[in-house]
Every structure is written in structure tokens, then in C-alpha cells.
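Q: Each chain is listed here by its residues.
2 protein chains.
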Amino acid sequence: MSLLDETISAIRPPDQDAMARAREHQDRLTKPRGALGALEDVAVRLAGAAGACPPPMPEPAALAIFAADHGVHAQGVSPWPQEVTTQMVANFLAGGAVANAFAASAGASVTVVDVGVAADLPAASGLRARKVAYGTADLSLGPAMTGDQAEAALAVGVEVARDLIEAGGRCLITGDMGIANTTASAALICAYTGRNPAEVTGRGTGIDDATHQHKIDIVRRALKVNRLREADGFAPEHRDDALRALAAVGGLEHAAIAGFILGAAAARVPVILDGVIAGSAALAAVALAPAAAGYCVAGHRSAEPGHAAALDHLGLRPLVDLELRLGEGTGGLLAHPLVSAAVRVMHEVATFDSAGVTDKEG
Amino acid sequence: MSLLDETISAIRPPDQDAMARAREHQDRLTKPRGALGALEDVAVRLAGAAGACPPPMPEPAALAIFAADHGVHAQGVSPWPQEVTTQMVANFLAGGAVANAFAASAGASVTVVDVGVAADLPAASGLRARKVAYGTADLSLGPAMTGDQAEAALAVGVEVARDLIEAGGRCLITGDMGIANTTASAALICAYTGRNPAEVTGRGTGIDDATHQHKIDIVRRALKVNRLREADGFAPEHRDDALRALAAVGGLEHAAIAGFILGAAAARVPVILDGVIAGSAALAAVALAPAAAGYCVAGHRSAEPGHAAALDHLGLRPLVDLELRLGEGTGGLLAHPLVSAAVRVMHEVATFDSAGVTDKEG
Numbered sequence: 001m002s003l004l005d006e007t008i009s010a011i012r013p014p015d016q017d018a019m020a021r022a023r024e025h026q027d028r029l030t031k032p033r034g035a036l037g038a039l040e041d042v043a044v045r046l047a048g049a050a051g052a053c054p055p056p057m058p059e060p061a062a063l064a065i066f067a068a069d070h071g072v073h074a075q076g077v078s079p080w081p082q083e084v085t086t087q088m089v090a091n092f093l094a095g096g097a098v099a100n101a102f103a104a105s106a107g108a109s110v111t112v113v114d115v116g117v118a119a120d121l122p123a124a125s126g127l128r129a130r131k132v133a134y135g136t137a138d139l140s141l142g143p144a145m146t147g148d149q150a151e152a153a154l155a156v157g158v159e160v161a162r163d164l165i166e167a168g169g170r171c172l173i174t175g176d177m178g179i180a181n182t183t184a185s186a187a188l189i190c191a192y193t194g195r196n197p198a199e200v201t202g203r204g205t206g207i208d209d210a211t212h213q214h215k216i217d218i219v220r221r222a223l224k225v226n227r228l229r230e231a232d233g234f235a236p237e238h239r240d241d242a243l244r245a246l247a248a249v250g251g252l253e254h255a256a257i258a259g260f261i262l263g264a265a266a267a268r269v270p271v272i273l274d275g276v277i278a279g280s281a282a283l284a285a286v287a288l289a290p291a292a293a294g295y296c297v298a299g300h301r302s303a304e305p306g307h308a309a310a311l312d313h314l315g316l317r318p319l320v321d322l323e324l325r326l327g328e329g330t331g332g333l334l335a336h337p338l339v340s341a342a343v344r345v346m347h348e349v350a351t352f353d354s355a356g357v358t359d360k361e362g
Numbered sequence: 001m002s003l004l005d006e007t008i009s010a011i012r013p014p015d016q017d018a019m020a021r022a023r024e025h026q027d028r029l030t031k032p033r034g035a036l037g038a039l040e041d042v043a044v045r046l047a048g049a050a051g052a053c054p055p056p057m058p059e060p061a062a063l064a065i066f067a068a069d070h071g072v073h074a075q076g077v078s079p080w081p082q083e084v085t086t087q088m089v090a091n092f093l094a095g096g097a098v099a100n101a102f103a104a105s106a107g108a109s110v111t112v113v114d115v116g117v118a119a120d121l122p123a124a125s126g127l128r129a130r131k132v133a134y135g136t137a138d139l140s141l142g143p144a145m146t147g148d149q150a151e152a153a154l155a156v157g158v159e160v161a162r163d164l165i166e167a168g169g170r171c172l173i174t175g176d177m178g179i180a181n182t183t184a185s186a187a188l189i190c191a192y193t194g195r196n197p198a199e200v201t202g203r204g205t206g207i208d209d210a211t212h213q214h215k216i217d218i219v220r221r222a223l224k225v226n227r228l229r230e231a232d233g234f235a236p237e238h239r240d241d242a243l244r245a246l247a248a249v250g251g252l253e254h255a256a257i258a259g260f261i262l263g264a265a266a267a268r269v270p271v272i273l274d275g276v277i278a279g280s281a282a283l284a285a286v287a288l289a290p291a292a293a294g295y296c297v298a299g300h301r302s303a304e305p306g307h308a309a310a311l312d313h314l315g316l317r318p319l320v321d322l323e324l325r326l327g328e329g330t331g332g333l334l335a336h337p338l339v340s341a342a343v344r345v346m347h348e349v350a351t352f353d354s355a356g357v358t359d360k361e362g
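Line by line, the protein sequences are chains A and B. Mind the numbering: the first sequence is residues 1 to 362 in our numbering, read in order. Mind the numbering: the second sequence is residues 1 to 362 in our numbering, read in order.
In short, the hints are calculated from the structure, not lab data. One or more hints might be untrue.
Repeated chains share a single entry, so a pair holds when one copy, or any two copies, can fit it.
[Said to hold, decoys possible] Quick list of in silico lysine to aspartate or glutamate cross-link-like pairs, EDC-like style, CA-CA up to 16 Å: (1) Lys360 - Asp27; (2) Lys224 - Asp241; (3) Lys360 - Asp208; (4) Lys224 - Asp138; (5) Lys360 - Glu83.
Note that the structure is predicted; figures quoted are calculated from it, not measured.
I would like the entire structure built from these sequences, with the hints used as guidance.
A: Written out as C-alpha cells, the structure reads:
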């Protein structure tokens with residue numbers, strides 16, 4: 001059995017009993033019922049993931065930044081030169097990026113994974129050299145990856161998740177770096193949700209109107225040339241189609257992040273999704289293993305319109321909503337203290353009985 | 001000169017030059033311009049408050065929970081018995097409340113201030129006994145406080161801010177405890193913003209439709225009996241009216257929090273506002289000293305409708321928006337890691353030049 005199949009078959013649905021106990025416990029705590037809003041749902045979700053109430057504290061957190069390049073960059077969908085992917089990998093390794101600053105704040109480790117950068121990278125501490133290819137092929141002309149490449153990148157993600165958990169990580173956070181990767185994300189979101197390219201294709205890190213329209217056209221062409229429309233008989237709920245879509249229009253980092261999510265779910269460890277790259281990768285993961293959704297927490301809602309569509313489809317509510325559009329894992333890292341606080345309540349807050357506080361009348 | 005006048009006259013407008021330098025610095029960092037969304041504004045705001053770029057890290061944080069009771073409780077506006085205020089003070093001091101758990105997560109100290117609880121509280125470490133009165137009078141029948149009481153409670157807030165900053169606090173967070181205090185908040189918001197009671201009066205920690213309508217009527221009556229409507233010639237931009245409104249319909253904790261905000265602003269230390277209690281208290285503070293708004297960060301948007309109205313009036317955007325409706329400082333504490341992360345970026349992230357990352361084309 002392949003690593004992917006093994007991982008998928010290890011994923012159990014969230015524990016309904018632990019979730020019910022978590023809800024009951026919340027109602028006994030010294031606060032009005034429901035007063036912690038969406039954070040109560042987070043604590044319940046983590047109880048379901050762990051199969052325990054209270055769930056273990058999601059600390060320490062471990063961020064993995066999956067870096068890769070994209071053949072579609074040649075179509076002029078981004079104002080950034082492709083070498084910025086390589087340069088930013090160096091920046092992560094030197095500790096100079098926003099993700100590093102946020103990780104320091106959250107007490108999270110940072111692991112950078114070269115799963116497909118279009119250049120040879122010097123070995124460095126903190127860098128995992130797991131290159132599957134020197135970037136993808138151009139998704140607007142045909143499949144971005146072969147099926148084997150997509151499976152290899154998925155396996156990289158599974159293995160990184162496993163390693164980070166073995167090293168003590170109790171909450172994984174997805175990160176990504178790859179110039180032009182919002183184009184691949186938009187195409188994935190269309191494929192898995194059936195939405196229209198014009199609805200879900202955004203401006204990424206900043207493009208003008210003409211480039212935006214061009215990007216929409218590229219996404220539309222990618223869906224057509226790769227036969228990922230309903231009219232083509234494409235049905236992402238079938239495993240073969242789910243995998244084919246990921247290979248056809250995903251990036252190597254999307255595939256790795258999908259594997260990372262599956263690896264976390266198989267180990268019953270929660271994974272905080274960053275932005276639109278993670279959201280689109282999660283659609284692939286959940287198409288392959290629907291129960292994996294119960295292990296995901298949506299860190300934030302990015303400024304990309306496709307992200308909201310992906311989160312809707314996944315049934316996830318984002319915790320942070322501050323118009324970030326950076327990637328790298330920054331939105332996931334910002335959400336980590338919120339997740340942690342939600343779980344800490346379950347461990348440390350007194351009940352009405354234990355604290356001698358009178359419950360609400362009636 | 002009174003402590004209040006001294007404090008108000010010490011408040012300087014935010015430093016525009018430091019804010020401009022903060023904006024320029026953000027644009028040189030290795031991220032697309034504007035990619036940190038609302039967090040970039042937070043960093044700029046803190047630069048303006050400190051008069052320095054980068055601003056100092058807002059750590060450690062210090063939470064003050066101001067506790068007081070409300071005469072209007074007798075009108076049946078809350079389903080909780082009044083003694084819960086006292087019981088929750090004991091819970092804070094024992095470390096068993098949600099605020100304690102969130103403070104532990106944020107590394108914030110917790111100080112509880114009895115500024116007006118309607119019971120004698122035993123001395124305890126972590127409790128400041130600064131009782132101005134055994135709760136307020138019923139605001140729906142006449143002024144809740146005398147002018148002297150309101151000024152005394154304001155002074156308590158100023159002094160607590162000063163003490164926490166002297167003890168090393170680099171970011172203050174407002175907290176409150178007082179059964180029925182959302183009724184006073186709604187009345188304050190109407191007085192300072194001119195909004196209608198039906199628009200801004202919410203369900204607090206949980207009431208049914210009939211009680212909600214009754215609460216709206218009580219707020220309307222309070223504004224009328226205390227002559228706080230425009231038709232009465234009331235004009236909150238005048239200092240006398242601003243103080244009179246606070247005394248007439250505020251709680252002792254509202255007055256103390258207003259003083260706490262003024263004390264932070266006078267010391268150029270940022271203050272994270274919690275929910276609707278803090279928002280309404282900030283309206284009073286800003287009516288007395290408009291420049292104080294520049295030292296405030298809105299921690300979250302609570303589920304109370306009046307809170308959004310208060311934040312609109314203050315020109316503040318909340319950082320966390322998760323339908324919390326607990327008070328205690330919980331929303332402010334949750335926002336602290338976000339504020340910290342925003343400032344850390346200014347200290348630690350590399351520039352395009354220093355990291356050798358190519359800037360966007362064009």
C-alpha cells in the first residue's frame with residue numbers, strides 16, 4: 001500500500017463523543033453559555049480531533065513552509081520575477097521574513113521544504129531538500145504535474161507532518177512560498193467547488209485590472225485544456241478525478257500541503273490552514289479523505305476571493321480576518337494564539353460549582 | 001490642578017512623523033506592500049503613540065479588571081443576580097476565570113480593582129481596594145453617580161494605569177466586571193454618539209425578547225430623565241456635558257476605564273480596548289481628550305450592537321471578530337498577540353535591500 005493510501009486509511013472521523021463532552025464542559029464553565037463565540041467551536045473541534053476532552057494544548061506549534069515554482073509564471077500572471085521564490089527561501093532560512101517574526105511570537109518552529117523550487121538551493125539548516133521537480137509545467141497548456149509527481153509531492157507533505165509531530169509538534173501550521181501560486185489555487189478551487197474563474201480569481205500579491213483579467217482567462221483555459229469542468233464529466237468526489245485535478249492545475253506546494261493535512265489528520269493532530277493556497281490544498285485533501293476536514297482549523301480569511309469560496313466548501317470559519325495577503329503561513333501563525341487560548345479555557349477555567357458562582361436565573 | 005486635568009493636559013496627539021516613518025518602513029520590508037492588511041495600521045498607530053519608529057514591543061501586557069455594581073440591576077435588565085459581580089471577583093483572584101486563562105496565554109498580569117462592588121470584599125493579593133461607592137444609583141431614575149464620584153472613579157483609573165506602567169507594563173488592556181453593565185454602556189453610547197437606544201441596546205450575556213425590549217425602554221428613560229438628548233441641549237463635545245453624561249448613566253467601572261485610557265495616553269502607552277464596556281468608556285475618554293483615541297487599539301468587536309457604533313464613532317477597527325460577549329478583558333487579551341506580532345514585524349523583518357530580494361516589477 002502506498003504511503004498516501006496508508007495515510008488516508010488511518011484517518012478516523014472526529015470523535016463525536018469527545019465533542020459532545022467538550023460542549024457540555026463549556027456550558028459548566030464560569031461564563032455565560034456561548035460567550036466565547038467561535039472559540040467554543042474551536043475547542044470542540046480540537047476535542048474531536050484528539051478524541052479527548054479536554055483536548056491537549058496545541059503547543060508547541062510547527063510551521064512548514066512548502067516552496068515551489070510554477071510553469072504558469074511564464075504567462076505573466078504575477079508582477080514578481082520567479083527568482084523571488086528562491087530569494088524568499090533564503091530569507092526564511094536567515095530568519096528575516098514576516099513568517100519568522102510571527103513564528104517567534106507564536107513560539108512555533110519553522111521548517112522550509114523545497115518541494116519544487118526552479119533552482120538548485122544550497123543545503124542549509126532548517127531546509128529540507130525534497131525537490132520533486134524544478135517547478136511545474138504551465139497549467140494553461142496541459143497538466144502541471146504528472147500523476148507520479150503529484151503523488152510524490154503528497155508523500156513529501158505526509159512525511160514532513162509525521163516528522164514534525166515526532167519531533168514534538170502538537171499543532172501543525174501550513175505555509176507556502178511560490179511566485180504565481182494564487183493562479184494554481186484559483187484553478188484548484190474552481191475544479192473542486194465548481195465555481196467560476198471570475199468569482200474566485202483574485203489579485204494575489206497585487207496586479208492591475210488588465211493582468212487580473214488575463215489571470216482569469218488563464219484559469220479558464222487551464223480548466224478547459226485539462227478537462228476539469230462538470231461538462232467534461234469531471235467529478236472531484238471520485239478519487240481518480242480528485243488526484244487528477246491536483247496534478248493538472250495544482251502546484252507542487254499545493255500537493256505537499258494536501259499531504260501535510262492528511263498526515264496531521266492521520267496522527268489526530270490539528271492543522272491550522274493559512275490562506276488561499278492552504279484552502280485550495282485542503283480541498284484536495286478533503287476530496288481524498290472527507291474526514292480530514294475535522295482536523296483543520298481555518299487560520300484566517302485572506303483578501304483573495306477564492307479563499308472564502310474554499311472555506312465555505314470546507315465548512316470552516318476563519319479566525320482572523322484582517323485582509324492579509326502574504327502567505328508564508330502568516331495567517332495561520334496569527335491564529336495560533338487564538339486556538340491555544342480556546343483550548344486553555346478547557347483546562348484552566350473553573351466551573352460554576354467549583355468556583356461558587358451563581359448560575360444565571362431561569 | 002486635579003489629577004484628571006493634569007492627565008488630560010499631558011496627552012499629546014500621536015506623532016505624525018513617527019507614523020509616516022512607520023509607513024515608509026513597512027513598504028521596504030520583504031513582503032508585498034500592504035500585504036499585512038490591518039496589522040500594518042496597528043504598527044503605524046503604535047509608532048504614533050510611542051513617538052518612535054519602530055515602536056517599542058507592547059510587552060509585557062497588563063490587564064486591569066475594574067469591578068463595580070449597578071443600581072439599574074433592580075430594574076430586571078439582567079438574568080444574573082448581582083452577587084455574581086462579587087463571586088467573579090473571587091474567581092479572578094483565584095485564577096479561575098476565562099480572563100485568567102487568556103492572560104496566561106498572553107503573558108499578561110492581572111490586576112482586579114474594586115471601584116464600586118456592592119459588597120465588602122476581603123483583602124487579597126492582586127485586588128486593589130479603591131471602592132468609590134457600593135455600586136451606582138439607578139440610572140433610569142436619575143444620575144447614577146454624583147460628579148464627585150465620577151471624578152473619583154476616573155482618578156482610580158488614571159492611578160491604576162500609572163502604577164501598571166511604573167511596574168513595567170508596556171501595553172495596557174481594559175477589563176470589566178459588573179452585572180448589568182451593558183445597560184449603562186448602551187446609555188453612554190447613545191449619549192456620546194446620538195444613536196437611538198433600539199439600535200445600540202443588545203442582549204448582554206443573554207436575555208429574552210421581552211427583557212431586551214424592557215432594557216431598551218430603560219435606556220430611553222435614562223437618557224430622558226438625565227436630559228442627555230440633543231433636544232435637551234446636551235452637547236458631549238463640551239467638557240461639562242461629557243463629564244455629566246458619564247456620571248449620569250455610566251458605571252463606576254466605566255469611569256475608571258475612561259481614566260485608565262487617559263492615563264495610558266498621557267504616558268504614551270498603547271491601550272487595547274476589550275468590548276462594549278471599554279468602547280463606551282473610551283467614548284467618554286475621547287470626549288474629554290480627543291487625542292486619546294490615537295493610543296487606543298480596538299481588541300475585538302463584541303456581539304453587542306452598540307459596540308460597533310462606539311467603534312465607528314472612535315474610528316477604530318476591531319482586530320478580533322469572533323462573537324465573544326464575555327467582557328473581563330477577554331477580547332483585549334485575545335488581540336494582544338496580534339498587536340505584538342504587528343510590532344515585531346517592524347523590528348525583525350528584513351528589507352528588500354538587506355535580504356537581497358527583488359522588488360516587484362513596475
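Q: All hints are to be evaluated individually against the structure, with a verdict given for each.
A: Evaluation of the provided hints:
no., hint, result
1, Lys360 - Asp27, "within (12 Å within a copy, 51 Å between copies)"
2, Lys224 - Asp241, "within (15 Å within a copy, 67 Å between copies)"
3, Lys360 - Asp208, "between (55 Å within a copy, 13 Å between copies)"
4, Lys224 - Asp138, "within (14 Å within a copy, 69 Å between copies)"
5, Lys360 - Glu83, "between (61 Å within a copy, 11 Å between copies)"
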